[in-house]
Every structure is written in C-alpha cells, then in structure tokens.
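> Sequence:
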Amino acid sequence: MDRVAALLLDWYDGHARSLPWRVRDGARPDPYRVWLSEVMLQQTTTAAVAPYFAKFTETWPTVEALAAAPEEEVMAAWAGLGYYSRARNLVKCAKQVVEMGGFPEAEAELRELPGLGDYTAAAIAAIAFGQRAVVIDANVERVVARLFAIEDPLPGARRLIRAHADRITPDERAGDFAQAMMDLGATICTARSASCLLCPVQGLCEGRASGDPLRLPVKAEKKAKPRRTGTAFWIAREDAVWLVTRPGKGMLGGMRALPDDDWSSKADGHGEPPVKGAWKAAGVVRHSFTHFDLELGVVVHAGDDPVALEGGEWWPLERLADAGLPTLFAKAAERVLAGR
DNA sequence: AAGCCGGGGTC
DNA sequence: GACCCAGGCTT
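Here UniProt numbering is used: the first residue of the first sequence is 1, the next is one more, and so on.
Keep in mind that the hints were calculated from the coordinates and are not lab data. In this text, all values refer to a predicted model and were calculated from it rather than measured experimentally. Note that the Cβ used here is the ideal one computed from N, Cα and C, for glycine as well. Treat the hints with caution; some may be incorrect.
[Claimed, not checked] Listed next, with one range per pair, are the computed distances between beta-carbon atoms:
1. PRO20 - ARG162: 27 to 33 Å
2. LYS55 - ALA16: 20 to 26 Å
3. ALA220 - SER288: 36 to 42 Å
4. PRO226 - GLU105: 41 to 47 Å
5. PRO70 - HIS15: 38 to 44 Å
6. PRO70 - PRO226: 20 to 26 Å
7. ARG3 - GLY283: 32 to 38 Å
[What the hints assert, rightly or not] Restricting the straight-line Cα-Cα distance to at most 30 Å, the calculated cross-link-like pairs of lysine-lysine (DSS-like) are:
8. LYS222 - LYS331
9. LYS276 - LYS331
10. LYS219 - LYS280
11. LYS276 - LYS225
12. LYS55 - LYS249
13. LYS249 - LYS276
14. LYS266 - LYS280
15. LYS219 - LYS266
16. LYS95 - LYS55
17. LYS222 - LYS280
18. LYS223 - LYS266
19. LYS223 - LYS331
Taking the hints into account, I'd like the entire structure generated from these sequences.
Structure below.
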C-alpha cells in the first residue's frame, strides 16, 4: 500500500469526523443513505446538509418510499438546499433503482444513474460497497495538488490530479481512504489554511516542502458576475397568495414561486405585471446566484379582489412555509409580510 | 471546454 | 464583498 494511504487510514481511525450519514467502524452503511447524502453534498456543505438529511430519512426511510413519493413533495422538501435539478434527478433515480431491484454495486453502472457523475458514482461504490474507486472532489483536488506540488492551474490539471489520486488509492478500504482525504481537506488542509503540523502526511508533502502550500491548487481566473434587476409580484386575497410553479428546466426549475417579470442571468426583467391594477412597492431583495447577482423589487397588487389569473394556485398564507419556496422567493414573501 | 445551476458559511 | 463548498448536466 502507498505510504500516503497507510498514514491517512491510520489517521482516519482516530480522527474521522462524526457525521449523520456515517456508520461506526467497519459496518456496511445503507446504500440508500450513502446515495442520498452524497447527492445532497454535491457543492453543499456538511452543515447545510445535516437537517435535510434528517428530514428526508425520517420522511422516506428507504429508496422504495422515496420512489413512491410525489415529485412535488420531494421538491418542496428540498427547498432551500439549492441546485434543484438534484431533487428531480433524485426522484428519477429512486424509481430506476427500485425498478432494478436495488442499487448496482459497480461504479460503471452507478455512473449511468441520473444525478450521479464521476464523483458520486465513485463515492458510492467505495463507501457503500467497499470497491476500489478513485474518488475526486474539491477536497481531494486540493490535497493532491499540495501533496505533489502540482503547478498546473485548475481545471486543466484534473487529468494529472486524477493520475496521482489513482496511484495512491489503496485496494482495501478505498471508501475510508476517500473519506480520510475529504476529512483532511475539510479540517486540516483547507482552502484558506494549511495546519501542516497536525497533518499525518506532512513528511511526504511536496507542497509543504516548497514552503508555501497555500498557493496550491492554482486556479484559472473567474469572470465577473453580471448584476440583474427584476420584479416579483405579490397578489393576495384575504387569506391566500397567488403562486406559480416554474418551468421544469432553468433557474429554480420546478419550484413554486411568486410570479415575476422573467429576469434571468442574461437580461433584466421587463417590469410588466401579470395582471392589471395598481401596484405598491414593498421593498427590494438582494440575492446572489452562482453566475449573477439579482436585485429583486417586490410589488404588491393593490387592486380590487377578483383578478383573472391562470397557471397558478391560491396558496393559504397560514401554510406558506410548506409551499417549498426557494430562498429568493421566501425572502421576498418575508419582505411583504413584515411590512403589513 | 465552457456555461448553467443555489445557498449559506467564512473570513 | 469575495471565496468556497463531498458536482452534474447541457451545449
């Protein structure tokens, strides 16, 4: 076994993080829980995932239960976690897995399931099924780039990083090794700091030997975010507000929302309200997405009650918290209700 | 290869 | 405010 792997596995035995989706030493974890946690953890921090993981496993304890759930309920339960295509793929994947009679154990077959890319397929194969797989996430990229002082900038350096990761991945306990690398990256060899004196592989690290491990990994420059403006429309009668369901693809796809004026990353909203009437400004919500910043004006319909509307639903205000509004629209609603 | 897709924590 | 995070899908 590679020396890095041996040292990391020893370290992991004494320093593994305790996380809700992990099981005690040696026990085989439930593939359903591994899959669910890995999908939730895509580009999402462990702290953000924990309450969602608890809620999902309580509501849907098995993949069969999740496969039988209405997609709309799963989307609402996912609200606030972000990257909503994950939730739609989660349901699709659950149905396929049930149809197959359970999760496949081979990495290549896992890779074919919706929502599972290179990382997640490898992680499930290694962690849930004890197979040797090369698991590469942002933590592993950083740790490997420092360990071997890789100077090529990301994302171009991915092939080289993979080759090094493959070489040090052990045949046994590949799942523990992957989690050890991630724990190391999350607690010791982090993006902003490198606590080399605490690191189990400090003596083998070329980045540390170079004197400045923090400069690694080198990353390509990123483009500036556009700033966009848009408007959300609050149309309420006494005890209910008009909500729409957004198209399945694109921004906040498939999620319930307030009607808006079609803002996007490419253009500001047109400002035209969906129905006639007088409108009163209720405030502005600022929200930052991955690729643009949005300043969303919120206006309240001040006209008389019966309004010709279609393509949405009156949602009871007392159950607004259950509507599954993404954070942007939850903030907009909060702005309106706070000002009443 | 590059663009699109959330949201919260952290400094 | 900038950067980061247990990435995947589409073009």
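> Which numbered hints turn out to be false for this structure?
3, 6, 7, 10, 11 and 17
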